[in-house]
Amino acid sequence: MVGISHTVYKGKIMKKLLPLLGTVLFAGNVPLAEPNQAPLHPGSALISPQMIEAIPGWSRYGELFLYLQTHWVKMLFLVILIAVPAVFLIHYLIVGPKVFSHDGRKFLIFPSWQRIIHWIAALGFVLLIPTGVMIIYAAFFGGGTTVRFARYLHDIGAVLFALTVLPMTLMWLKEMLPRMWDIKWMMILGGYLTKKKQEIPASKFNAGQKMWYWVATFGGIIMIITGFMMYIQNFNPALLNKLDLHQIDILRIAVIVHLLLAMVVTALFFTHVYMSLFAIKGSIDSMIDGCKSEDELKHLHSIYYKKIVKEGKDKDLADKC
Amino acid sequence: MYNNARMKFYCDEDRCIECNACTIACAEAHELPVGIHRRKVVTLNEGIEGKEFSTSIACMHCTDAPCSQVCPVDCFYIREDGIVLHDKDKCIGCGYCLYACPFGAPQFPKDGAFGIRGVMDKCTMCAGGPKPTNSTDEFELYGQNRIAEGKVPMCAAVCSTNALIVGDAESVSKIKRERDAAKGKGPKTPYGWDIAYGL
Amino acid sequence: MTNHLGDIQNSKAIIVFGANPAVNHPVGFKHILKAKERNNATLIVIDPRYTKTAAKADMYARIRPGTDIPFMYGMLHLIFKHGWHDAAYIDNRVFGMDHVIEEAKKWTPEKVEDVTGVPAETLYQITKAYATSKPGTLIWAMGLTQHSIGSSNTRMAPILQLSLGNMGKFGGGCNILRGHDNVQGATDMCCLSHTLPGYYGLSEGSWKYFAHNWGVDFNWLQKRFAGKKWMHTKGFTLARWWQGVLQEEKIYSTTPIKALWVQGNGITSIAQQAKVQQALDKLDLLVVAEPFANEAAVITNKTDNVYILPTATQFECEGSVTATNRTAQWRSKVVDPLYESKTDEEIMFAFAKKFGFYDELVRGMMMGVKNGKAVQVKNTFKWPEDATREIARIIKTIGLTGWTPERLKKHQENWHMFDEVTLKGIGPMKGEYYGLPWPCWSETHPGSPVLYNIDIPVNEGGMGFRARFGTEYKGENILAGSRAGIRKAKVHGGYPELTKDNIEKVLGIKLSAHEKAVMGKNWKVDLSGLIAKYALKAGVAPYGNAKARAYVWTFPDKIPMHREPLHSPRYDLTKKYSTYPDKKNHYRVDTKYASIQKTDWSKDFPILLITGRLVEYSGAGIIERNSKYLAALQPEMFADINPELAYKHGINDGDMIWVHAPEGTKIRVKARFTYSVAPDRIFLPYHFAGFMQGADLSSHYPEGLVPFATGESANTVTNYGYDIVTQIPETKAGLVRIEKA
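Residue numbers (the working numbering), protein chains in the order written: chain A, 1 to 321; chain B, 1001 to 1199; chain C, 2001 to 2741.
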């Protein structure tokens, strides 16, 4: 009985997944009946011969967007909005937060300018993510003025984040590069599945933080670009022709990428918030005054701790705190 | 009109000469902001002998309108006669309808606060919007409601060569069919003025 | 237009020379499309660029500007060679075709290809398609007329139609498409410097006829002129009035022009705009009377004595207008003139009162006819009905007798009761053609939709060719042949134009003594209406029935001859097909021809210039550039340029370029890539004004009246050149040079 329902269950999923897979994989090329031969003229590319040429190509990204938006977006986001916090709630209840002593030495990890950049970006995120969710579920929020206002806030948040994303990328780039010990970290999931206090293989930033960094910065940059494309809607078609794409297709790809990344970013944002606010007691301090306690550093970022002690930098960093 | 009428546009590209009467008449009738072209004539292959042709494009009022399917606020509604309309008060200007539309019909005037992109505007087939019929509110948001007055949509009414015809799909295809079947039959005279486009 | 737009639906072949009806007559173009659809008509377009009309054509020939005569001779060469001509028609209805056939023999397809640039094979295909599908109609417009040989071009086209027997047939004819609302009416009223209204000319007889009908003393009229001879001398033209101010070329007038009054005309749409600007600057007084600020008042640097009088638009006044197909339509007032606008006649009457000739000006509207004489019958007049009545009463040359205001208003009220293709009325309008196309010989005549049609009776609109030049030339009969009589006419074959002296003989009737006393001297001045009455009774047209002249002994070229444009890209051909010698006193100013052509302009100015229209604008563009939606579609002046030509000069799509003319003028416009022009030519639309040779003249506009779209005028760079007979500017064949700005 179980076996049968298992197959049936799998069948139902495949029924939903297969078309998704198919559409994504085979968002195939539809040959144009008659390519427009006349020279391009400036003016809106959205009402132009190029738009007409793009019509047969609708079954590429246009249909893909239609399919994703009607069948997957709302559901997947709901899953993320519910499941991710739920998982962390369960974790908190079962495993509980890590507690470290805050006596003893404290080391300066994040100088003030890095903290400022981080918090501006954070403010940006705080504006971006809820308003983004409001846009996705606009019908639930009644649409109209409320959600329009949310859209404007989304744009403001994007500007805030855009100001900080490049500095943030550059300032932590070196420390965030993947290293061999990240694999070990991944295999034990950073040690968060156990209450045991142990030395975790991580440098200044652990593999989890690195994941978040790469998604937030490079994913964030892509989201800024795609978001900006959707904001202005109209840009130079001459470049596009070289890519064999039409203006409207770029917009379609932009919105699909933006939505997919949004899911990943939202999920990891919740993770980041949980990890920094709840999973490790007091870890938020390192972003407020920039300092981490010796106990926390020795355990959670063992490789970094060993390094600064070996290089004798620990005295300097401790003095600054 | 038939009981199951669905209103459709048809533009005969053999007759369209890019005179832009439809573009201008629509803009004039609905007092659109300059630069918003609910209907626009597009010419492909300009100057290429034997290949140049023009066609007038606007919202096609699709039966399975993708715009209304993807709208996050569900501000679209499809009338019984097939005309696709939307509620500007609900619209949040996100642009999804534009991405889903095969024809690029939705447009976004920059008339929000600080010149930001406002809510979506598109061809209404001169059927107004959800506001009370023929009220000032309806005119200011959506333009004229000619369908309610029993009039032909503005663009097709002014088309110089009757390339653009609009109406119940059955009637429109009948006209097109008769035009094609009339080849070689010679001029139609006496000519009756009782049919909107004649043949 | 000898036929009418709806009649084109009867055509099996439509050939278009130098016209672009898809752009300039979009609604009328529907008839051509219907002919294509319902008749399988072949649409052939001959044009220097691939226009919107060409896009709908079945055959297209890209011709070098100004070489229409060789092309048509090439067609005639093939027509006579293959026997596609209508021999019986030519025998009976055409005079002098032999001379044409002789000339046509010289124009082999290879020679035509060399001169026109159209491949020999294309010429053959087009000729065969056109000549073997009858009836065929020939459409032309400015592309044929605006040349130094425009008067020859416009004779060549009818000769082509005559050779095929297409004139005077349903679906045939020469359908010249007029380009503005009521320009046909303005032409019929002869707002021109070489004739009185109704094409009566400037002879003493004509002046006396009008003086009589206006109730004005002939001597008083004579004294309005500086001397007797000036009453009968042609004046300056719109094309060259400015030379009457600048006097750079010798003028023949009592005085240079000191004041200019412009009412309803586009001064900025005439060639040589830089000169026009200089002339405007030098005037003592400039008055423009327009609904929108005529840019004549803007391009001038004159700041004093420039007056703009606001006139009413078509919606604010009432009266009759004449369409391109010679029909009249009555227009009603929709709204009273807004603000301080006045209707045209209000302005003219007000000034007539100031200048002291108001009574003389209006008396004509209070006259009537008694016993064949014009007498004053009342003391007040009603505008516009009495003005219409005055026209109907006086103008007999084109048969406006039937255009009474009552009939025209009835047509307006019943305009849905007419057939689109035949113009025939039904129900209350039965027995009349819509708009009573002239000639409408009497108040009961139905009008004549198709000119020169001998297959229908005169009382249904038929007629032969006008007998205007006597009955014979050098011993040869020039009246119509015996097989060219009008259907149901009591007179067989050809007959001369009717006069009091010959009417009894020609029609075989007897006049009473009273009738002889009241009858006018000839059909053109017969106020009694008896000549028309007896003519119609006999089923003949009063103006005679003659052969159409292919050989015109009064013109500089007896048969049309090809002459290269004054600025020709083929200097070698200018030797063989040279233009006319310089003409002295051509409408009061010496005009150059050969002295221009003797220079080889093609070295420094290698690019052909084509001018034309856009559908969004019309004429000088004064009205439409003030419409925000239209201006949004065409916001700026541009030059259509082939990408190949552009890249040679390092020009990209959207770059600004300078276009230089041989006269030393230049304009700065935006380059617009298109393949509709070949790499040896560019196209300029002529609707823009407000810039002059790179300088922005927006500050010259009255406060708040700058149009939404301004730009350089194409006519700043159109070349010097004027037709030998009419002095129309040669704007359709010129040379320029371009460079990146």
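If you're looking for bench data, these hints aren't it; they were derived computationally from the structure.
For clarity, every value in this text was computed on a predicted model and none was experimentally measured.
Hints are not guaranteed to be accurate.
[Unchecked claim] Pulled from the structure, derived: some chain C residues nowhere near chain B, Cβ distances all over 10 Å:
#1 E2037
#2 G2179
#3 C2190
#4 D2336
#5 P2337
#6 I2347
#7 V2377
#8 D2419
#9 G2431
#10 S2442
#11 N2459
#12 M2656
[To be verified] Result set (BS3-like, lysine-lysine): computed pairs, CA atoms no more than 30 Å apart in a straight line:
#13 B:K1185 <-> C:K2533
#14 B:K1185 <-> C:K2628
#15 B:K1183 <-> C:K2012
#16 A:K204 <-> A:K281
#17 B:K1151 <-> C:K2628
#18 C:K2516 <-> C:K2583
#19 C:K2128 <-> B:K1183
#20 B:K1188 <-> C:K2134
#21 C:K2583 <-> B:K1183
#22 C:K2410 <-> B:K1188
#23 B:K1188 <-> C:K2424
#24 C:K2533 <-> B:K1188
#25 C:K2533 <-> C:K2516
#26 B:K1174 <-> C:K2410
#27 A:K320 <-> A:K307
Glycine residues also receive a C-beta, built at the ideal position from the N, C-alpha and C atoms.
Structure-based check of each hint:
no.	hint	result
1	E2037	6 Å, violated
2	G2179	15 Å, holds
3	C2190	31 Å, holds
4	D2336	23 Å, holds
5	P2337	22 Å, holds
6	I2347	30 Å, holds
7	V2377	40 Å, holds
8	D2419	5 Å, violated
9	G2431	14 Å, holds
10	S2442	26 Å, holds
11	N2459	21 Å, holds
12	M2656	21 Å, holds
13	B:K1185 <-> C:K2533	40 Å, violated
14	B:K1185 <-> C:K2628	43 Å, violated
15	B:K1183 <-> C:K2012	12 Å, holds
16	A:K204 <-> A:K281	18 Å, holds
17	B:K1151 <-> C:K2628	26 Å, holds
18	C:K2516 <-> C:K2583	46 Å, violated
19	C:K2128 <-> B:K1183	22 Å, holds
20	B:K1188 <-> C:K2134	19 Å, holds
21	C:K2583 <-> B:K1183	53 Å, violated
22	C:K2410 <-> B:K1188	25 Å, holds
23	B:K1188 <-> C:K2424	13 Å, holds
24	C:K2533 <-> B:K1188	35 Å, violated
25	C:K2533 <-> C:K2516	14 Å, holds
26	B:K1174 <-> C:K2410	35 Å, violated
27	A:K320 <-> A:K307	18 Å, holds
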